[in-house]
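**Q** Okay, here's what each chain looks like letter by letter:
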Amino acid sequence: MAAILRTAYGEILAELGKENKKFVVFVADTGSGTGAGAFIKKFPERSFNFGIAEQNMFSAAAGFSTVGIMPFVNTYGVFATCRVADQVRNSICYPKFNVKIVASHVGIDAGSDGASHQSVEDLAIMRAIPNIIVLVPADVVELESMLRFLLKYKGPAYMRTSRTEAIPVNKQSYKYQLGKVPVLENGSDVTIIATGVMVFRAIKAGKILEKEGISAEIINCSTLKPLDGETIVNSARKTGCVVTVEDHNIINGMGSAVSELLAKKCPTVTEFIGIKDHFGESGDIDELYIKYGMSEKHIVEAAKRVIQKKENTHEQA
Amino acid sequence: MIKEREELIETLVCKSNELRRQILITLHKAGSGHPGGSLSVIDILTVLYYHILHIDPKKPEWEDRDRFILSKGHACPALYAVLADKGFFCKDELNYLRKASSLLQGSTDAKIAGVECQGGSLGQGLSAGVGMALGARYLNKDFRVYVVIGDGESQEGQNWEAAMSAGHFKLGNLTAILDYNKLQGDASVKETMNLEPIVDKWKAFGWNVIEIDGHDFNQILEAFETAKKCTEKPTMIIAHTIKGKGVSFMENVVSWHGSKVPNTEELKKALSELNAERKERRN
Chain Y
1 MAAILRTAYG
11 EILAELGKEN
21 KKFVVFVADT
31 GSGTGAGAFI
41 KKFPERSFNF
51 GIAEQNMFSA
61 AAGFSTVGIM
71 PFVNTYGVFA
81 TCRVADQVRN
91 SICYPKFNVK
101 IVASHVGIDA
111 GSDGASHQSV
121 EDLAIMRAIP
131 NIIVLVPADV
141 VELESMLRFL
151 LKYKGPAYMR
161 TSRTEAIPVN
171 KQSYKYQLGK
181 VPVLENGSDV
191 TIIATGVMVF
201 RAIKAGKILE
211 KEGISAEIIN
221 CSTLKPLDGE
231 TIVNSARKTG
241 CVVTVEDHNI
251 INGMGSAVSE
261 LLAKKCPTVT
271 EFIGIKDHFG
281 ESGDIDELYI
291 KYGMSEKHIV
301 EAAKRVIQKK
311 ENTHEQA
Chain C
318 MIKEREELIE
328 TLVCKSNELR
338 RQILITLHKA
348 GSGHPGGSLS
358 VIDILTVLYY
368 HILHIDPKKP
378 EWEDRDRFIL
388 SKGHACPALY
398 AVLADKGFFC
408 KDELNYLRKA
418 SSLLQGSTDA
428 KIAGVECQGG
438 SLGQGLSAGV
448 GMALGARYLN
458 KDFRVYVVIG
468 DGESQEGQNW
478 EAAMSAGHFK
488 LGNLTAILDY
498 NKLQGDASVK
508 ETMNLEPIVD
518 KWKAFGWNVI
528 EIDGHDFNQI
538 LEAFETAKKC
548 TEKPTMIIAH
558 TIKGKGVSFM
568 ENVVSWHGSK
578 VPNTEELKKA
588 LSELNAERKE
598 RRN
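The listed protein sequences correspond, in order, to chains Y and C. For the first sequence, my numbering gives the first residue as 1, with consecutive numbering after it. For the second sequence, my numbering gives the first residue as 318, with consecutive numbering after it.
Any given hint could be a false lead.
A few chain Y residues facing chain C, derived, Cβ under 10 angstroms [claimed, not checked]: (1) Arg46; (2) Phe48; (3) Phe50; (4) Phe58; (5) Ala62; (6) Thr66; (7) Val67; (8) Ile69; (9) Ile92.
In short, the hints are calculated from the structure, not lab data. Even glycine gets a Cβ: it sits at the ideal position worked out from N, Cα and C.
For reference, chain Y alone in the conformation it holds in the complex:
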């Protein structure tokens, strides 16, 4: 069932809280905004509201983690990264403290709140900080599996949720594995690598391409760091061209991570769907995705473009 990931996040965390007593929740007046409120309601004694003071909250989470209880720190993407980049870096990541950072309001998906709330650079910041893993679930099944993983994982982690509905893409039986990105559709002409709420849009694009006789392999890049080199390289070798799709600046996001990998292991012609180095604005998400060239139609066009490039390269060779 389609679900808003931030809402599902709070509900799942509240369920997991029953069986696992070793974690607490930190918010910065963001209980309702991030979905963490469902947990707070059920476990008020395990919840700490730091007010609108994120720097203190993040360093306090680092300190709290040292008593052996893991804080889940919840705020919006911009405030979980830009505002506290140094606290994440110095207080949490350098000493590898056991803090989980969960951000709602990420990318254009933050929607009508506008540019101040639309993090176009959160993945860029987090993936450039050593010692932290970066996860982006595509649907509720993956979100729940990821949370179960995070409860067992010791060390810093950053996870994005969503403010809009994510249509399911994974099977009910799917189990998240760190550093393993699932191939959702097998194909032979082009590899489409998408992340987060862009994954179901990539699948829709794949269906359109199929009708036109183009076979697209769809990969759900739900772990940006550590990146699953094997799956991505194997797919790029097979299809010979790649489209990356993310709700994030195309600079230093998932597409960049994929290209860094492929440049070294298997140089491949690539098209990048994402925010083209500009800020967002208020508006309906689907309208904005069309305006910024990030809709299903644009994914389809990018796929055709990159296939053409591949063929041109072959002809030249």
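Place chain C on chain Y using the hints.
**A** For chain C alone, coordinates are given in the frame of chain Y:
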């Protein structure tokens, strides 16, 4: 003063003299670092580590230990001298401060046994202390949390977020100490960005505030004893200190903040001053 107290103070004074000498030797060998703030804070560290803190150097991860955070992490030569003396790590490490592949980094480093969290980026330590104090309360543990912050460091806004939250959460198990030596990297604190009225500020944030001479061992001891009794509020000890304390030519001189360390001649002079003081007390 009762005899026992006098003896305790005498022991602490001798220890801080020894630690001052070690700090200077360590910095001389390192070739760079922060002498002034290390010397201003060492008397406070001496009282904490040799009388107040419940810690066990053999079990640095002991879960019921008191926590100490040197948030002004650049004064780490002082903390390293203490931790080495206490046996948290081999004393020989002090010879390699700031050298490649060595244990002792240029700022307090959480990888080092006995160092509770990461320093270096100013303004984060008090927040970490708030987290630890909240964690202690959450687990119903009796350990206390102590955080030393600097005066220049107090200009970082995050300290005031931490101050607000510790007051709000009524963290009686948290004690902060301001090493108020009045100088920072470029100039005096007053010229750079004035902190006054500092006592009023901390009171306004809901803290129990004690003002002391940070080189008077009896006052330092009393302040920690009073702080322990205040269970409803966090305590801030405003410790008036002297930057470069104990070495005549370093006292109250801005350039000894961090732009230089003693050369061979200066080290010799500083050590002879501290040795003379030691001998004088012994007699």
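**Q** Looking back at the hints listed earlier, which ones does the structure fail to meet?
**A** none
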